[in-house]
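Can you build the whole structure from these sequences, using the hints too?
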Amino acid sequence: MTSRRDFFKLGAAVAAAGVSPAAMAALPEIVSMDRADTRPPLLPPNGRPYNPVVTLNGWTLPWRMRNGVKEFHLVAEPVVREIAPGMKAHLWGYNGQSPGPTIEVVEGDRVRIYVTNRLPEHTTIHWHGQRLPNGMDGVGGLTQPQIRPGETYVYEFVARRPGTFMYHPHADEMTQMAMGMMGFWVTHPKGPHPLIDPVDRDFCLLLNAYDVDPGSATPSVNTMLDFNLWTFNSRAFPGIDSLNVRLNDRVRIRVGNLTMTNHPIHLHGMEFEVTGTDGGAVPKSARWPEVTTDIAVGQMRQIEFVADAEGDWAFHCHKSHHTMNAMGHAVPTMIGVNQDGLAEKIAKLIPDYMAMGERGMADMGRMEMPLPDNTLPMMTGRGPFGPVEMGGMFTVLKVRRDQRRGDYSDPGWYGQPPGTRAQLWPGAVADPVRASGDAPDTNTDIEVTVRKPAGHSGH
Amino acid sequence: MPACPVSRRLLALTLASASLLGGCATFSPDGGFGAIQSETAARAGRDVVWSRDDATRAQTRARVEALLAHPLSADDAVQIALLNNPGLQARFNALGLAEADWVAARRLPNPGVSIGRLTRGSEVEWDRSLHLNLAWLLTMPLRAGIEARLFEQTRRALVLDVLRLAADTRKAWIAAVAAIQSEAYQRQAMDAAAAGAELAARMARAGNWSKLKEAREQAFHADAALAVARAGQSRLQARERLVRLLGLEHPDTLQLPERLPDLPAALPSLPDVEQRAMDSRIDLQMVRLQADALAKNLGLARRTRFINVLELGAISNASNEVPLQRGYEISFELPLFDWGQSRVVAAESRYRQMLERARQTAVDARSEVREACAIRQSQYAVARQLRDELVPLRQRISEENLYRYNGMLISVFELLADAREQIAAVNAAIAAQRDYWLADADLQMALAGSPGPAVLTPLSPASAASAAGAH
Ligand SMILES: [Cu+2]
Numbered sequence: 001m002t003s004r005r006d007f008f009k010l011g012a013a014v015a016a017a018g019v020s021p022a023a024m025a026a027l028p029e030i031v032s033m034d035r036a037d038t039r040p041p042l043l044p045p046n047g048r049p050y051n052p053v054v055t056l057n058g059w060t061l062p063w064r065m066r067n068g069v070k071e072f073h074l075v076a077e078p079v080v081r082e083i084a085p086g087m088k089a090h091l092w093g094y095n096g097q098s099p100g101p102t103i104e105v106v107e108g109d110r111v112r113i114y115v116t117n118r119l120p121e122h123t124t125i126h127w128h129g130q131r132l133p134n135g136m137d138g139v140g141g142l143t144q145p146q147i148r149p150g151e152t153y154v155y156e157f158v159a160r161r162p163g164t165f166m167y168h169p170h171a172d173e174m175t176q177m178a179m180g181m182m183g184f185w186v187t188h189p190k191g192p193h194p195l196i197d198p199v200d201r202d203f204c205l206l207l208n209a210y211d212v213d214p215g216s217a218t219p220s221v222n223t224m225l226d227f228n229l230w231t232f233n234s235r236a237f238p239g240i241d242s243l244n245v246r247l248n249d250r251v252r253i254r255v256g257n258l259t260m261t262n263h264p265i266h267l268h269g270m271e272f273e274v275t276g277t278d279g280g281a282v283p284k285s286a287r288w289p290e291v292t293t294d295i296a297v298g299q300m301r302q303i304e305f306v307a308d309a310e311g312d313w314a315f316h317c318h319k320s321h322h323t324m325n326a327m328g329h330a331v332p333t334m335i336g337v338n339q340d341g342l343a344e345k346i347a348k349l350i351p352d353y354m355a356m357g358e359r360g361m362a363d364m365g366r367m368e369m370p371l372p373d374n375t376l377p378m379m380t381g382r383g384p385f386g387p388v389e390m391g392g393m394f395t396v397l398k399v400r401r402d403q404r405r406g407d408y409s410d411p412g413w414y415g416q417p418p419g420t421r422a423q424l425w426p427g428a429v430a431d432p433v434r435a436s437g438d439a440p441d442t443n444t445d446i447e448v449t450v451r452k453p454a455g456h457s458g459h
Numbered sequence: 001m002p003a004c005p006v007s008r009r010l011l012a013l014t015l016a017s018a019s020l021l022g023g024c025a026t027f028s029p030d031g032g033f034g035a036i037q038s039e040t041a042a043r044a045g046r047d048v049v050w051s052r053d054d055a056t057r058a059q060t061r062a063r064v065e066a067l068l069a070h071p072l073s074a075d076d077a078v079q080i081a082l083l084n085n086p087g088l089q090a091r092f093n094a095l096g097l098a099e100a101d102w103v104a105a106r107r108l109p110n111p112g113v114s115i116g117r118l119t120r121g122s123e124v125e126w127d128r129s130l131h132l133n134l135a136w137l138l139t140m141p142l143r144a145g146i147e148a149r150l151f152e153q154t155r156r157a158l159v160l161d162v163l164r165l166a167a168d169t170r171k172a173w174i175a176a177v178a179a180i181q182s183e184a185y186q187r188q189a190m191d192a193a194a195a196g197a198e199l200a201a202r203m204a205r206a207g208n209w210s211k212l213k214e215a216r217e218q219a220f221h222a223d224a225a226l227a228v229a230r231a232g233q234s235r236l237q238a239r240e241r242l243v244r245l246l247g248l249e250h251p252d253t254l255q256l257p258e259r260l261p262d263l264p265a266a267l268p269s270l271p272d273v274e275q276r277a278m279d280s281r282i283d284l285q286m287v288r289l290q291a292d293a294l295a296k297n298l299g300l301a302r303r304t305r306f307i308n309v310l311e312l313g314a315i316s317n318a319s320n321e322v323p324l325q326r327g328y329e330i331s332f333e334l335p336l337f338d339w340g341q342s343r344v345v346a347a348e349s350r351y352r353q354m355l356e357r358a359r360q361t362a363v364d365a366r367s368e369v370r371e372a373c374a375i376r377q378s379q380y381a382v383a384r385q386l387r388d389e390l391v392p393l394r395q396r397i398s399e400e401n402l403y404r405y406n407g408m409l410i411s412v413f414e415l416l417a418d419a420r421e422q423i424a425a426v427n428a429a430i431a432a433q434r435d436y437w438l439a440d441a442d443l444q445m446a447l448a449g450s451p452g453p454a455v456l457t458p459l460s461p462a463s464a465a466s467a468a469g470a471h
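In order, the protein sequences belong to chains Z and D.
Position 168 of the first sequence, counting from 1, maps to 168 under my numbering, and the rest follow consecutively.
Position 165 of the second sequence, counting from 1, maps to 165 under my numbering, and the rest follow consecutively.
Worth flagging that the hints you see were computed from the coordinates, not collected in a lab.
Hints may be right or wrong, so weigh each one.
[Stated by the list, open to error] Here are the simulated DSSO-like pairs of lysine-lysine, each with C-alpha atoms no more than 27 Å apart in a straight line:
id : chain 1 : residue 1 : chain 2 : residue 2
1  : D       : K213      : Z       : K348
2  : Z       : K88       : Z       : K319
3  : D       : K296      : Z       : K345
[To be verified] Listed below are several chain Z residues computed to face chain D (Cβ distance under 10 Å; list not exhaustive):
id : residue
4  : G215
5  : H321
6  : N325
7  : A330
8  : V331
9  : L342
10 : I346
11 : D352
12 : P372
13 : L424
The C-beta atom is built at its ideal place from N, Cα and C for all residues, glycine as well.
This is how it looks when you write it as structure tokens:
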């Protein structure tokens with residue numbers, strides 16, 4: 001096995017041997033990120049002005065303006081990504097993280113992207129959804145030769161269509177996407193656009209899924225369906241930052257799905273409209289209010305709403321298994337199974353054994369028991385009122401009256417006005433009238449009449 | 001086995017003449033038992049007692065009872081067998097008979113009728129004759145010599161019997177203790193299966209589980225219960241075998257420890273074990289005595305040199321002057337005689353026959369001790385591997401599985417199946433530990449004499465997989 005350090009050495013060695021210092025100087029500087037928290041928006045230092053996005057637990061790649069061309073440098077390489085505090089995954093990504101940095105340009109920009117391959121195998125980058133010359137589409141073998149380890153390729157095209165895009169490899173794509181290679185791309189409109197409204201806060205995130213065996217760190221690249229980590233930008237709750245906005249902000253959230261299943265993304269507290277897809281802006285006449293939008297595989301949705309309700313509002317995938325971390329899908333249901341007297345017997349053979357699941361699985365959110373190394377509890381996270389009992393694709397939209405413009409920091413838990421929270425009823429409740437709870441008696445004689453087929457009359 | 005070349009038992013009906021009785025020939029006070037005692041003490045480190053009278057019997061009984069008051073160690077078990085095994089006590093009487101013959105042979109005779117028996121191989125010849133005092137007197141030294149050697153042979157055969165009983169007892173003790181341990185672990189495995197079956201039944205009652213899954217857990221339980229029954233039988237058999245060797249009338253008094261002794265920290269090295277066997281094996285000493293006796297019987301007196309019987313063939317074909325080239329030499333030497341002078345072809349043939357038989361015994365002895373040594377070494381490695389690697393690994397696996405259970409990644413049934421596998425691994429380690437101690441006992445025996453057909457102890461550690469009944 002080649003170690004991660006070796007990959008770096010390999011890349012450096014090839015670059016030193018094959019590219020002259022002058023040519024190296026001609027490349028834009030490599031900018032790398034070593035943190036997994038949400039970076040503040042990158043205000044454009046040059047070029048056409050625009051209102052930058054905030055990548056959830058991510059960042060925007062700085063560029064170099066050279067003779068009127070925006071030049072970016074992406075490095076495909078192995079990375080260590082913190083999925084949540086307590087768990088790090090060995091992934092592949094770009095410029096130090098997975099997903100890679102967000103690329104932000106303006107409609108009409110000429111963009112040049114240098115792609116250096118520091119992976120142990122070849123790669124390419126496909127610019128999902130973009131209008132571009134065929135030879136820039138990045139499909140290995142079809143539109144270009146694959147970029148071999150150590151090589152740098154240059155992509156160049158004009159960002160013609162404003163909207164929401166992503167990038168990902170199109171070479172050994174199954175492996176490389178299972179390893180976390182993907183990134184976000186936003187092309188801002190160059191001026192007022194009839195279908196693209198200006199917003200106060202513009203968030204973006206990719207949906208991804210990994211199958212990391214508990215106790216290990218590298219995803220199983222051959223898993224097709226049974227993933228155990230469902231993530232926003234390669235982060236799982238409680239590792240996902242909250243979306244912090246000011247009351248009455250117009251908010252846009254752009255979501256792209258590079259997993260292998262659909263995700264109904266759901267927002268509490270407010271309705272939104274889908275204002276665009278990776279195919280472009282949605283005509284206003286075609287928009288309708290929603291609180292959940294399903295994002296199919298390989299699709300992107302941008303949702304917009306006015307954050308006019310103060311509070312801490314859940315924002316998550318509505319598939320309940322996708323708001324869990326690693327769990328055993330084959331574990332039998334223990335609800336209603338009385339383990340009295342038995343748990344002690346088992347504990348004699350297995351010290352530290354504790355009966356679980358007898359009343360449901362919420363115990364899991366409370367108990368802190370040793371887990372395999374580098375493994376997130378199935379359900380975890382704490383809120384102001386106790387365990388949140390979540391994981392995976394879950395975070396919180398925090399709407400605050402006093403959140404300053406341009407301030408994306410976490411304001412803490414919402415202080416609910418008195419009398420506006422569900423509360424304990426102190427009085428007595430009469431027993432409900434209920435049917436007998438006994439299991440159906442299988443010995444009851446039930447007359448079953450079986451009509452034997454007679455002849456072939458039916459034919 | 002070839003009988004003694006000349007085995008003669010004389011039953012003389014003496015017609016009495018007190019004056020002719022020499023004061024020189026009397027029974028020794030210990031019946032020749034002292035030599036057996038000292039030899040046993042030197043080789044087995046235990047005391048052997050011949051309970052010929054009530055006083056001794058009472059003494060040994062008291063000693064046996066004292067030893068039985070506590071859980072018995074292997075050494076104590078051997079000690080009890082040497083004091084109390086009825087078969088051994090019976091065999092000691094052969095000593096009395098041999099000494100009687102020897103003493104009779106040294107006694108000045110009275111005229112009378114004698115009945116003699118001559119044995120050559122399977123041929124037995126009886127002769128009845130009237131002895132004259134003169135003839136008796138003339139042949140007395142020869143007969144006394146023969147009977148002395150027979151007495152000596154008997155003594156050595158008895159030492160071998162004692163040592164073999166010691167080895168058998170030690171092995172029976174090891175097997176009995178290991179069977180106790182094994183049964184205890186099988187019982188734990190059954191407890192795990194019982195918990196699984198009980199939980200399965202409760203789950204089925206709650207409507208959470210199918211009859212199929214419930215039946216599967218019950219089948220594990222039933223299997224485990226059978227394994228416990230079989231382990232109980234094995235324990236009973238092993239214990240009864242030990243009881244027989246100890247000669248106990250009341251087996252209830254026997255208490256055994258719960259565990260085998262630990263493996264030694266390092267395998268005790270045995271340098272030159274084959275040569276040691278050549279020097280110390282009692283069967284080889286008996287061969288030497290037989291050679292000596294045969295030579296005397298054949299009237300061979302002039303020893304020319306000694307030959308290493310292990311190289312009998314090589315020497316026959318090689319020139320006497322050329323020394324045989326060997327890195328190191330294992331030797332078992334017997335005298336060679338000057339055939340030229342004796343010129344008795346039959347004598348030479350018989351002596352050569354004896355030499356070949358001696359070679360057979362020596363070759364067998366070397367092979368046996370080599371085999372025992374190698375098996376002990378490999379058994380030690382197996383037992384260490386199980387104890388130091390496999391069992392700790394199974395414990396690690398169990399620990400990791402518990403973490404997985406904590407994370408609701410696996411169910412309690414997988415935890416219980418894993419517990420059964422861990423128990424099976426411990427059981428296999430116990431079996432290997434037992435087999436090491438058995439091999440060790442075999443090696444000690446192989447240094448004294450043939451360990452018998454049981455040298456290849458059945459090595460039957462229950463494999464971790466088969467006993468586990470995994471899902
Ligand atoms: Cu989902």
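Evaluated hints:
1. D:K213 x Z:K348: Between K213 (chain D) and K348 (chain Z) the Cα gap is close to 24 Å, so the pair holds against 27 Å.
2. Z:K88 x Z:K319: holds, 24 Å
3. D:K296 x Z:K345: violated, 77 Å
4. G215: This hint holds: G215 (chain Z) lies near chain D, its Cβ roughly 7 Å from the closest one there, short of 10 Å.
5. H321: violated, 13 Å
6. N325: holds, 9 Å
7. A330: Holds, about 7 Å.
8. V331: holds, 5 Å
9. L342: holds, 6 Å
10. I346: I346 (chain Z) check passes; min Cβ-Cβ to chain D is 5 Å, inside 10 Å.
11. D352: holds, 6 Å
12. P372: holds, 5 Å
13. L424: Violated: closest Cβ of chain D sits about 29 Å from L424 (chain Z), beyond 10 Å.
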